[in-house]
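**Q** One letter stands for each residue in the lines below.
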Amino acid sequence: MGGRDVGWRDLGQRELGPSLMKGRIDLYVGSITFAGFIALVAASSRQRTDLLDPIMLVVLVGLACLAQRVPVFLFRSSAISVSFAAVIAAYVLYGTGAAVWVRHS
Amino acid sequence: MNSVTPRRKPLRKVAFNFGSFALSAFAAGELYRLTGGVTPPSAIAPTLVSVGLSAAAYFLVNTSLTSVAIAMSEGQNVVAVWRTNYSWMPVNFGATAVQGAALALAYQALGLFGVFVFTVPLGVAWFSFRLYMAKSTEVRQRNEELSTVNELLRQTNDRLEQSHVSVIGALIGALEAKESHLSGHAATTMHYSVEVGRTLGLGAEEIAAIKLGALFHDVGKIGVPESLLSKPAELTDEEWVEMRAHPTIGASLLGNVPMLERIRPLVLAHHENFDGTGYPHGLKGSEIPLAAQIISVADAYDAMTSERPYRVALRPKRALRELRANAGTQFNPVVVEAFIQVCIEERRRAARGKTVVHPHQHEHMYQQALEAVKVAS
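Chains as they are written, first to last, in our numbering: chain G, 1 to 105; chain W, 1 to 377.
In case anyone wonders, no lab produced these hints; they're calculated from the structure. One should not assume that every hint holds.
[Claimed, not checked] Facing chain W, from chain G, some residues (calculated, C-beta under 8 Å):
| hint | residue |
| --- | --- |
| 1 | TYR28 |
| 2 | MET56 |
| 3 | ALA85 |
| 4 | ILE88 |
| 5 | TYR94 |
[Claimed, not checked] According to the in silico footprint, chain W covers these stretches of chain G (three or more CB under 8 Å from chain W):
| hint | segment |
| --- | --- |
| 6 | 39-50 |
| 7 | 96-105 |
[Stated by the list, open to error] Chain G is nowhere near these chain W residues, computed Cβ spacing over 12 Å in every case:
| hint | residue |
| --- | --- |
| 8 | GLU30 |
| 9 | LEU31 |
| 10 | SER166 |
| 11 | LYS231 |
| 12 | ALA233 |
| 13 | PRO309 |
| 14 | PRO333 |
| 15 | ALA338 |
| 16 | ILE340 |
| 17 | CYS343 |
All C-beta atoms in this analysis are idealised placements derived from N, C-alpha and C, irrespective of residue type, glycine included.
The following block holds chain G by itself, in its conformation from the complex (with noise of 0.2 Å):
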């Protein structure tokens, strides 16, 4: 899950407003890209590249862009999307830095 995953009231559904454009949220945002890029690092440093299936894991990524591109509306106006289903599947069969790339698929 993400993107479509929490609903519309996901980030990259929706406005969020000129204030998002300055300030506090300016700091939090960059702060929240700045961890989340050493996260994307650390995990890939550690990723063990022998492990890997290459076949599968274009599969769970195109599986993830798959789910994320198709969510299913529900009656809330929201939406849900089973691409975490894939980054789970990443995380079991392969460890975190496989994860973190298909969530980024």
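Got chain G; can you put chain W on it based on the hints?
**A** This is chain W only, laid out in the frame that chain G set:
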């Protein structure tokens, strides 16, 4: 994928999503490892336990980070934002987590074939659900259209009711004009009829019908020549034939007003006698609607206690004696007793100095009719 489709998102949103997704996936992956999750997976049970914990971590990190952003941008409480937007999601999220673990285990056991076998049924289920949701949306849209049509119908019905009420007003006006020498007879009859109805324990709808029936019981006199109504002497046999036609005339007049259709039998039967000697159909006993029997007693009492061109008014006590004397023949004895009880009660209240609304002071018949129509309909 979500950053560029279906349209390109602003850079800050993309950056935030990048960070929150990375942190969520990182937290989940690390927690899976720390709680004993094996990569690649081995036994099913420990894998599912670790997946459950890590999935919860993913959900909390992802939704918390987004809730903070929303709360900051909208100046709301973080917890309130989370509750509003995400508190309903854990079950769906948990189910998705189990699917993810099962997908990994299927791959572990059967390779890509396992992924295919696992994914295809899910895809079919997803497609079916999507069709179902599309259909449901269509049904909801139809329901909304139906609601709109219903609202229009309700408004039309209201207008129709207003129109009927106007007809009622016109009928009452015509009746009052016609019976100017009997001023207040309909109102007085209505007053006593309603009180008797209440004494007999009738319900609101029956009382409303009695109210309307009493107001309109003599509406048929519109079709009786003025010379007969104001004749200062006893009527001849031929004239009585004409006079006795008024219940039938009244009933057919009301038959043209759908909203008053239900009081038609009352108007038609208000001159029927309990022993079957009345008119127009010679009904007897329970064949006569109770409301008509009540109206009949009230009508007779007011007629006896009112001045007529051809006789003087009787005193109330004398009129009550007359009613009692005719109980069981002209009138229903139970109704007569209830009527006498009403009169006694009114006299007591008057003696105690409590305000008794004199029947002849009922100048608001139109309003009474409106209320009765609303209840009766």
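**Q** Of the hints given before, which are not true for this structure?
**A** Structure breaks hints 8, 9.
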